[in-house]
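**Student:** Residues per chain, in single letters:
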Amino acid sequence: MHDTGTSNRAGLRVRLGIRSGLAMIILGCGAASAGPTPPGPAAGTPTAQMMANTCAACHGTGGHIVNSAFVPLAGMPEEVFVQTMLDFRAESRLATLMGSVAKGFSEAEIRDMAGYFAKLPPVPGGEVDAPAVANSPTGEMMADTCAACHGTGGRIGNSAFVPLAGMPEELFVQTMLDFRGNRRQSTLMESVAQGFSEVQIRSMARFFANQPMVMSQ
Amino acid sequence: MKRREFIRLAGLVGWGIAVPASTVFAGAKPHVVIVGGGVGGATTAKYLRLMDPGVRITVVEINPTYIRPYGSSEVISGHVTMADLEVKYDTLMSKYGIEFVFDEAIGFDPDRQTLNLKQKGTLGYDRLVVAPGIELQHESVKGYSAKIAADRLPCAWIPGAETQLLRDQLKSMPQGGTFLIVAPPNPYRCPPGPYERGALVAEWCQKHNPRAKVLIVDPKDNFVTDQSMMLGWNRLYGYNIPPEFMKGMPPDVKQHSAPGMIDWVPAKQGGTVVKLDAKQRLVETVGGKIKADVINVIPPMRAGRLAQRMGLTNETGFCPINPMSFESRLHPKVHVIGDSSIADMMPKSGFSANTQAKVAARAILDLLAGHSPGMPSWANTCYALAGSHYGLFVADVYSLKAGKITRNPGPRYQPLDATPVQIRLGAVYQQNWLQSFTEDCFA
Numbered sequence: 001m002h003d004t005g006t007s008n009r010a011g012l013r014v015r016l017g018i019r020s021g022l023a024m025i026i027l028g029c030g031a032a033s034a035g036p037t038p039p040g041p042a043a044g045t046p047t048a049q050m051m052a053n054t055c056a057a058c059h060g061t062g063g064h065i066v067n068s069a070f071v072p073l074a075g076m077p078e079e080v081f082v083q084t085m086l087d088f089r090a091e092s093r094l095a096t097l098m099g100s101v102a103k104g105f106s107e108a109e110i111r112d113m114a115g116y117f118a119k120l121p122p123v124p125g126g127e128v129d130a131p132a133v134a135n136s137p138t139g140e141m142m143a144d145t146c147a148a149c150h151g152t153g154g155r156i157g158n159s160a161f162v163p164l165a166g167m168p169e170e171l172f173v174q175t176m177l178d179f180r181g182n183r184r185q186s187t188l189m190e191s192v193a194q195g196f197s198e199v200q201i202r203s204m205a206r207f208f209a210n211q212p213m214v215m216s217q
Numbered sequence: 001m002k003r004r005e006f007i008r009l010a011g012l013v014g015w016g017i018a019v020p021a022s023t024v025f026a027g028a029k030p031h032v033v034i035v036g037g038g039v040g041g042a043t044t045a046k047y048l049r050l051m052d053p054g055v056r057i058t059v060v061e062i063n064p065t066y067i068r069p070y071g072s073s074e075v076i077s078g079h080v081t082m083a084d085l086e087v088k089y090d091t092l093m094s095k096y097g098i099e100f101v102f103d104e105a106i107g108f109d110p111d112r113q114t115l116n117l118k119q120k121g122t123l124g125y126d127r128l129v130v131a132p133g134i135e136l137q138h139e140s141v142k143g144y145s146a147k148i149a150a151d152r153l154p155c156a157w158i159p160g161a162e163t164q165l166l167r168d169q170l171k172s173m174p175q176g177g178t179f180l181i182v183a184p185p186n187p188y189r190c191p192p193g194p195y196e197r198g199a200l201v202a203e204w205c206q207k208h209n210p211r212a213k214v215l216i217v218d219p220k221d222n223f224v225t226d227q228s229m230m231l232g233w234n235r236l237y238g239y240n241i242p243p244e245f246m247k248g249m250p251p252d253v254k255q256h257s258a259p260g261m262i263d264w265v266p267a268k269q270g271g272t273v274v275k276l277d278a279k280q281r282l283v284e285t286v287g288g289k290i291k292a293d294v295i296n297v298i299p300p301m302r303a304g305r306l307a308q309r310m311g312l313t314n315e316t317g318f319c320p321i322n323p324m325s326f327e328s329r330l331h332p333k334v335h336v337i338g339d340s341s342i343a344d345m346m347p348k349s350g351f352s353a354n355t356q357a358k359v360a361a362r363a364i365l366d367l368l369a370g371h372s373p374g375m376p377s378w379a380n381t382c383y384a385l386a387g388s389h390y391g392l393f394v395a396d397v398y399s400l401k402a403g404k405i406t407r408n409p410g411p412r413y414q415p416l417d418a419t420p421v422q423i424r425l426g427a428v429y430q431q432n433w434l435q436s437f438t439e440d441c442f443a
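So the protein lines, in turn, are chains U and Z.
The working numbering applies: residue 1 is where the first sequence begins, and numbers increase by one.
The working numbering applies: residue 1 is where the second sequence begins, and numbers increase by one.
Misleading hints may appear alongside valid ones.
[Unchecked claim] Here are the in silico distance ranges between beta carbons for each label pair:
#1 Z:Phe245 x U:Ser92: 41 to 51 Å
#2 U:Gly166 x Z:Asn322: 52 to 62 Å
#3 Z:Ala161 x U:Val162: 53 to 63 Å
#4 Z:Ala28 x U:Ala90: 22 to 32 Å
#5 U:Gly195 x Z:Pro259: 30 to 40 Å
[As the list claims (entries may be wrong)] Computed footprint of chain U on chain Z; a stretch qualifies when at least three of its residues, placed anywhere within it, have a C-beta under 8 Å from a C-beta of chain U:
#6 312-320
#7 390-401
These are computed hints drawn from the structure, not numbers from a lab.
Yeah, the Cβ is synthetic: ideal placement off N, Cα and C, and Gly gets one too.
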């Protein structure tokens with residue numbers, strides 16, 4: 001499928017990333033909790049960190065995770081977290097158990113957690129698009145498989161196919177998940193979308209979001 | 001002390017340079033001692049360190065390697081081996097500077113605040129966390145004992161030699177034989193576990209022993225994941241769903257003329273076991289006698305033996321705690337988390353123990369600093385398999401309401417109209433969960 005040498009190097013980078021990331025986690029948490037812990041907040045509301053800790057068993061300690069089908073939450077933009085959780089709650093986004101989880105929190109609590117995760121340093125090296133699994137291609141490499149229809153770098157005009165360059169990350173992810181869940185009409189995109197894990201879709205989304213858009217002429 | 005030397009060598013002090021020393025505690029470092037290096041104990045240790053770089057943390061554990069119970073039924077079905085269940089404590093020691101003492105805790109002195117070890121003397125503590133898991137009550141099933149479990153009718157609910165024995169017994173079961181699972185009464189560790197195990201055994205039999213029967217006898221009339229698991233059984237193993245569980249089932253559910261490979265006998269159909277005859281491999285239930293080739297008995301459970309010995313249990317056999325901090329209601333400065341604790345509506349699961357550990361860690365640091373603990377938050381998510389490509393789940397979020405840990409309202413189980421993609425994804429996530437969960441606890 002792809003050059004294993006590249007993927008080994010990528011894997012090493014990820015591992016190194018984890019190591020250096022650990023210090024960040026500890027620093028982050030240490031900083032957050034160094035000094036006397038303020039007395040418990042007003043009755044009835046757990047802190048954002050307390051709630052966010054309940055996500056960690058799947059989404060990684062401090063929202064950091066690599067090498068997983070689960071999405072890292074550290075550094076996720078606040079609105080993306082909130083919108084995603086609200087979509088889970090409304091069952092407008094494909095999920096397994098996240099509908100149940102999201103319904104367990106109020107919108108205010110979701111916003112608290114979103115604020116918490118947004119402030120955490122993202123996955124080591126900022127590489128949400130790091131290979132999702134040890135042998136997974138990079139976001140760019142996977143995105144290149146779209147180019148034959150959607151244009152090199154996702155830039156295409158004058159076509160029935162949608163340009164992908166500059167597409168907001170969440171729009172790309174949601175669209176692919178809708179294809180995958182057969183909730184959006186398509187020809188072959190359901191099959192294509194099912195070929196990628198959610199993390200892989202996210203890493204492609206990140207790649208396309210950072211590509212310069214097609215300007216209308 | 002040699003351990004301290006080790007910690008220093010391991011570079012923990014390096015953090016001390018990178019991270020400003022904790023200002024929470026002036027003077028001597030407080031010492032938190034954790035008994036039990038399972039999910040609850042390990043997560044407490046790790047999160048104490050993440051929340052405070054200064055506190056001294058010691059875990060007392062009998063076994064130098066942890067054998068994870070979650071996912072261990074996959075050994076029986078041959079998806080993984082016993083070696084895959086092993087989890088090392090190396091990362092907790094080297095990256096988080098947690099001290100480990102491999103010894104057995106045998107008691108404590110609550111006044112002097114010391115823990116007694118079998119071989120290595122005593123350990124002083126400022127706060128003690130007790131996370132001993134469950135004890136299996138073999139003898140409460142007439143005709144069953146720990147020895148019979150080890151030799152002939154494995155339980156394999158705490159993974160180890162019995163897990164491998166059960167795997168071997170399944171493999172050597174005669175063609176067309178019966179694999180019988182005796183499900184336990186509530187409360188017990190891993191509520192969906194016996195039913196997932198039955199499904200995985202059935203899946204194995206489809207390939208290797210296609211005329212075999214998998215029978216689950218139960219002292220209960222329902223179980224966690226209920227309809228969603230039954231739907232999987234119906235689709236994969238020809239299970240006939242009882243009429244009272246048919247509400248909301250999708251149109252592809254079939255009623256089969258002959259019973260399928262898997263069957264479930266609830267209490268109201270006589271599923272409660274009266275006694276066992278291990279030699280004859282005969283199980284006498286309220287509904288009659290059943291002869292089986294392999295018998296897997298999952299007996300009633302109570303809090304781990306150490307919790308009983310320390311006087312932390314009440315008449316239920318489990319440990320009453322204050323949900324704000326998981327501090328024992330019977331002994332101050334001792335916290336009980338995980339399967340041994342009475343956590344109201346939370347199930348006895350690894351995920352529960354993991355989120356309880358984080359609540360306890362935060363509360364312990366607050367209490368040590370003289371603050372009252374903040375409002376806690378908990379969750380439980382559990383992916384289960386009806387087949388290796390058929391995932392389902394139970395998922396809940398919990399809040400403290402009127403002094404009790406209360407499940408927030410909402411659907412808990414996979415919807416019955418889940419798409420094939422969601423079902424497949426559930427199985428992918430189940431495998432992922434094993435990995436990310438282990439990392440959050442141990443790495």
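**Student:** Please verify the coverage claim for the segment 390-401 of chain Z: does it have three or more residues whose C-beta sits within 8 Å of some C-beta in chain U?
**Tutor:** Per the Cβ count (8), the hint holds.
**Student:** Can the suggested window of 30 to 40 Å be confirmed for the beta-carbon pair Gly195 (chain U) and Pro259 (chain Z)?
**Tutor:** Given a distance of about 39 Å, which is inside 30 to 40 Å, the answer is holds.
**Student:** Is the distance from the Cβ of Gly166 (chain U) to the Cβ of Asn322 (chain Z) consistent with 52 to 62 Å?
**Tutor:** The hint (52 to 62 Å, Cβ to Cβ) holds, given that Gly166 (chain U) and Asn322 (chain Z) are roughly 53 Å apart.
**Student:** If you check the beta carbons of Ala161 (chain Z) and Val162 (chain U), does the distance land in 53 to 63 Å?
**Tutor:** Between Ala161 (chain Z) and Val162 (chain U), where Cβ atoms are some 58 Å apart, the hint holds.
**Student:** Between the beta carbons of Ala28 (chain Z) and Ala90 (chain U), is the distance compatible with 22 to 32 Å?
**Tutor:** Taking Cβ atoms as reference, Ala28 (chain Z) and Ala90 (chain U) lie about 52 Å apart, which means the hint is violated.
**Student:** Under a C-beta cut-off of less than 8 Å, do 3 or more residues of the segment 312-320 of chain Z approach chain U closely enough to confirm the stated coverage?
**Tutor:** violated (count 0)
**Student:** Quick check: does the Cβ-Cβ distance between Phe245 (chain Z) and Ser92 (chain U) fall within 41 to 51 Å?
**Tutor:** 29 Å, violated
The structure fails hints 1, 4, 6 (numbered hints given earlier, in ascending order).
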